[in-house]
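Q: Here is what each chain is made of, one letter per residue.
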Amino acid sequence: MKLAWIKGALAAGIALLPSAVWAQSVNISYLTHWSPETVALLEQAAKDFAKDHPDVAVTVRAVPFGDLLTTLRSQAGGQAATIAGIYDLWLPELARDKLVAPAPETVAGEVKGAWPAGVVTAASVGGVLYGVPNEIDVYALNYNKALFKEAGIEAAPKTWDELKDAAAKLTKKDAGQQGFGMINSWAAGVVHPFSSLLVSNGGELVTGGKPVLDSKNAGETFQLYEELIKSGSSDPAMGSADANTTGPFLDNFVSGKTGMIIMANWWESALKAGMGEKFADIATAPIPVGPSGDKPRSISYSWMTVVNAGAAEAEQKAAWDFLAWLNSPKSGPNGASAMANILMSMGILPSRSSDVDAFKDKLGSEFLSGYVSVLGDAKPFPVVLGGQEFSESLQQTIEALQYGKVSATEAQTNAQADAAAILEKAAK
Amino acid sequence: MTRTHQHSVWMMLTPAVSLIGAFIVVPMVLTVWLSLQDWSTQTGFQTAEFVGLDNFREIFGATSVGRDFKGALVNTALYTLMSVALILPVSVGLGLLVYQRNVAGGNALRTILFSTYMVPMIAVALVWSKLYSPSEGPINQMLGWLGIGPQPWLSSPSTALVSIVVLNVWQQIGYFTVLVVAGLTQIPTSLYEAATIDGADGRQQFTAITLPLLKRTLLFSAVIAIINAVQVFEPVALITQGGPVGSTNVLTYHIRRVGIERAQGGLGSAMAVTLMLSLIVVIFALFAFARKGDDE
Chain A
106 MKLAWIKGAL AAGIALLPSA VWAQSVNISY LTHWSPETVA LLEQAAKDFA
156 KDHPDVAVTV RAVPFGDLLT TLRSQAGGQA ATIAGIYDLW LPELARDKLV
206 APAPETVAGE VKGAWPAGVV TAASVGGVLY GVPNEIDVYA LNYNKALFKE
256 AGIEAAPKTW DELKDAAAKL TKKDAGQQGF GMINSWAAGV VHPFSSLLVS
306 NGGELVTGGK PVLDSKNAGE TFQLYEELIK SGSSDPAMGS ADANTTGPFL
356 DNFVSGKTGM IIMANWWESA LKAGMGEKFA DIATAPIPVG PSGDKPRSIS
406 YSWMTVVNAG AAEAEQKAAW DFLAWLNSPK SGPNGASAMA NILMSMGILP
456 SRSSDVDAFK DKLGSEFLSG YVSVLGDAKP FPVVLGGQEF SESLQQTIEA
506 LQYGKVSATE AQTNAQADAA AILEKAAK
Chain B
20 MTRTHQHSVW MMLTPAVSLI GAFIVVPMVL TVWLSLQDWS TQTGFQTAEF
70 VGLDNFREIF GATSVGRDFK GALVNTALYT LMSVALILPV SVGLGLLVYQ
120 RNVAGGNALR TILFSTYMVP MIAVALVWSK LYSPSEGPIN QMLGWLGIGP
170 QPWLSSPSTA LVSIVVLNVW QQIGYFTVLV VAGLTQIPTS LYEAATIDGA
220 DGRQQFTAIT LPLLKRTLLF SAVIAIINAV QVFEPVALIT QGGPVGSTNV
270 LTYHIRRVGI ERAQGGLGSA MAVTLMLSLI VVIFALFAFA RKGDDE
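Just so you know, the protein sequences line up as chains A and B, in that order. First residue of the first sequence? That's 106 in our numbering, and the numbers climb one at a time after it. First residue of the second sequence? That's 20 in our numbering, and the numbers climb one at a time after it.
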């Protein structure tokens, strides 16, 4: 009798509980390296998603970019974030180590139909799609129009000779001003601008899985760096970066101490925040063409969101549902996805074709249009096994050249030998 | 010893021995075992493949793996040497200063000195990265007032490691000063009184009484300072990322990059074992040196 009474009371209590308590039964987390302002936008999107999906709760975790890969690897398994935003260079090894789950057929079908083929390839390993692509980044030459005017330079340099000439004119050692900025202490910040100059000189980093840094084109690119450093047009001490991919290299460009720099579109928000009204002085131009190049080219890379292969089945399903919604044209304003809306707040180019159409006007701004215009001729940074180690090794060699520890010839020899050993070992 | 007595000894020792075994001996043995394997940190131990001393050959070899490791080993040694060389004399100097009980404000000075040790490294790193800023940093601005040109600090491979050492010494000096003050309180004042009667001046009292009787404190300080210095990680991870040109790439940061980011568990373990052996050798050498001094 007493037991029956307790059961009845429990049943009544359960019936009285708000339905939402029962509905929010799946908790998923999203790991990113975005700033607090951008994380707030993502959290808002998660709240919007929860309106139609009360059974799913999404929490956002943010770490500095420098800690993102370590966090992904060290927290692998059931305790790791359900969703993570990753750099395409990391995907082959994360997929090999079974840390990320293949996309379900519905998501894969949608992605293959709605994104450009090159971006889909970068989010796939062995033909299997692992992530929903979101951003695409490309490198271009940013220059300070006010400093150009002051130095009597009328247009952005189109060739390497013009680049060296402009850099020399923009350099004022007494005023602590350098003509051309080179970044150090951050692998992508060092390697991507170098690679952009290399491909604009008709060269490649890797062909058929093997490094080709011993080419004439690469030799000329190392030579260009050496000349810019030796002439004093570039001061490596002004180019340090920290774990948040900010630091002196950004401070010096923002404060008008650097005339030109090769950087990706995503730093628009950092420039706007640092420069205020003076951001109007910044313009974008294609990468100058080297003596062995035929046209301006650049390096591009993409980011994607992946789902933790160690997460429970219900969590994985909820994660893919959330990603499908977040990247769909229904989740954002005017036919754009909520993800594209978040990316555009940082000046990052979305990669979904319908998002590019939806943000046509904004992508036509003076700063971003320069990036959009070079996207067509951009070459994707090679996504290979051992890519991160290869990138860090090349970073060390380029930095050694920047600081005069090795000559251009030695840098080229070291870079090729190291890259060959790293990629050969990784391929095994 | 009776059987009951033996039984109770084992009963008392078992908890401590089990804990030490589980949390210290097993991980150490495991690290040594992994250093002889080819193993990805993302896979189970069953996937490890025995490669003998190949990992050690590679980290001391001529490839980029070897160059980076040897560079990190040298950086760590230099960092440790500079840290200890600065911390010991400065802490003795400050200890003598704040030990003076009759000086007004002595307690406040002790508190201020120790407060830097309580500041989290994340805050220290953020503040010092701005202090060191080549273009807008207050340190360069102050040097400018003295007519000294801007210094590159963290932006140059020749000054970056020293800049990190200064940051480390600034943060830890309060702790080591407290150790020295504790050591000074153990020295009987009668020794100084007797020395004064015998006509010894301050310098003679310092070299003949203070320093010899502070020896054990300084030995302890040196051991702790070495261990702390070898384990330096946060300022490198937060500010320099090991750069520029790998000049601040210390071993803990490098092992994290190889073992976790690149998932090369065998190589990372070989590096960790080498670091552990180096530390053991240094600490033993230090104790041997101190013992030799005692014997003499």
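Honestly, I wouldn't trust all of these hints.
[What the hints assert, rightly or not] Which chain B residues stay away from chain A? Per the calculated CB distances, all over 12 Å, these:
1. Val-84
2. Ile-131
3. Ile-206
[Stated by the list, open to error] Covered stretches of chain B, as calculated for chain A (at least 3 residues, CB under 8 Å):
4. 43-50
5. 95-106
6. 183-195
By construction, these hints were calculated from the structure, which means they are not laboratory data. Every residue gets a Cβ at the ideal spot worked out from N, C-alpha and C, and that includes glycine.
Q: So which of those numbered hints doesn't the model satisfy?
A: The structure conflicts with hints 1, 4, 5, 6, although it agrees with all the remaining ones.
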